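For this one, chain Y is given, so just place chain U on it according to the hints.
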Amino acid sequence: KAGVTQTPRYLIKTRGQQVTLSCSPISGHRSVSWYQQTPGQGLQFLFEYFSETQRNKGNFPGRFSGRQFSNSRSEMNVSTLELGDSALYLCASSLVLNTEAFFGQGTRLTVV
Amino acid sequence: DQQVKQNSPSLSVQEGRISILNCDYTNSMFDYFLWYKKYPAEGPTFLISISSIKDKNEDGRFTVFLNKSAKHLSLHIVPSQPGDSAVYFCAASGPVGAGGTSYGKLTFGQGTILTVHP
Numbered sequence: 745k746a747g748v749t750q751t752p753r754y755l756i757k758t759r760g761q762q763v764t765l766s767c768s769p770i771s772g773h774r775s776v777s778w779y780q781q782t783p784g785q786g787l788q789f790l791f792e793y794f795s796e797t798q799r800n801k802g803n804f805p806g807r808f809s810g811r812q813f814s815n816s817r818s819e820m821n822v823s824t825l826e827l828g829d830s831a832l833y834l835c836a837s838s839l840v841l842n843t844e845a846f847f848g849q850g851t852r853l854t855v856v
Numbered sequence: 696d697q698q699v700k701q702n703s704p705s706l707s708v709q710e711g712r713i714s715i716l717n718c719d720y721t722n723s724m725f726d727y728f729l730w731y732k733k734y735p736a737e738g739p740t741f742l743i744s745i746s747s748i749k750d751k752n753e754d755g756r757f758t759v760f761l762n763k764s765a766k767h768l769s770l771h772i773v774p775s776q777p778g779d780s781a782v783y784f785c786a787a788s789g790p791v792g793a794g795g796t797s798y799g800k801l802t803f804g805q806g807t808i809l810t811v812h813p
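Read top to bottom, the protein sequences are chains Y and U.
Okay, so the first sequence: first residue is 745 according to my numbering, each after it adds one.
Okay, so the second sequence: first residue is 696 according to my numbering, each after it adds one.
So here's chain Y without its partners, still in its complex pose (with noise of 0.2 angstroms):
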């Protein structure tokens, strides 16, 4: 059974770019979650999506987006780069509301 897998690994874009980062999750899950992991903010959570919809959302400014597709793949875009935004982004699926979630291999983000 294949796992989380997020494109691109890798990201290197320039302040005021924006970039939209790909998660495709565990087949049969349609809970899907983002999370952005730096050194000094940890693991912290974006949002989330169920079924196309997004159902809870972080505290992240709104220049942090994202969707789900019909076929639970989801995307997330970042607009109007910062520094900052420098992170490995994670994304994670799980079958059963609130339970195990499942992590992708992340995608690092650096802003130059």
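Calculated from the structure, these hints are not laboratory results.
None of these values were measured; they are calculated from a predicted model.
C-beta atoms are modelled at their ideal positions from N, C-alpha and C, and glycine is treated no differently.
One or more of the hints may lead you astray.
[What the hints assert, rightly or not] Anything over 12 angstroms on all C-beta distances counts as not near chain Y; from chain U, calculated:
1. Ser746
2. Gly755
3. Asp779
[Said to hold, decoys possible] Here's a subset of chain Y near chain U, in silico, CB distances under 7 angstroms, partners left out:
4. Ser775
5. Glu796
6. Glu826
7. Gly848
Chain U only, in chain Y's frame:
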């Protein structure tokens, strides 16, 4: 407002001995707790979880204990192996539905670096 805290940044243990990682939480609404293991630049790997209706859960070398009155949980690894060396995160989730707003949200501690020496 850090609702989940891992007060020990690091722990060093000899191979074969017990590793005990601790975690405290402040939000009494949390009802599900998880432990993850993480290597640098990789995603966390799920280890073990426990519901708030239980006080202990075992899976092989890993046991998680939950003390709700103290708002404290711990992960025991016995015996510890060098391959267990990694960063360990505890995480908590809250109720959903009926006014709960925790859909899909895990609140993580800051992590504890475990080093197991041969």
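Status of the hints after comparison with the structure:
Look at U/Ser746: its CB is around 9 angstroms from the nearest CB on chain Y, not clear of 12 angstroms, so calling it non-interface is violated. At roughly 16 angstroms from the closest C-beta of chain Y, the C-beta of U/Gly755 stays outside 12 angstroms, upholding its exclusion from the interface. Separation of U/Asp779 from chain Y is adequate, the least Cβ-Cβ distance of about 18 angstroms exceeding the 12 angstroms criterion. Hint on Y/Ser775 holds. Least Cβ distance to chain U is approximately 5 angstroms, under the 7 angstroms limit.
Look at Y/Glu796: its Cβ only gets to about 14 angstroms from chain U, farther than 7 angstroms, so that hint breaks. With a cut of 7 angstroms, the hint placing Y/Glu826 at the interface with chain U is violated, because the nearest CB-to-CB distance is about 21 angstroms. Given the 7 angstroms rule on beta carbons, the hint for Y/Gly848 holds: about 5 angstroms separates it from the nearest Cβ of chain U.
In summary, the numbered hints that this structure violates are 1, 5 and 6.
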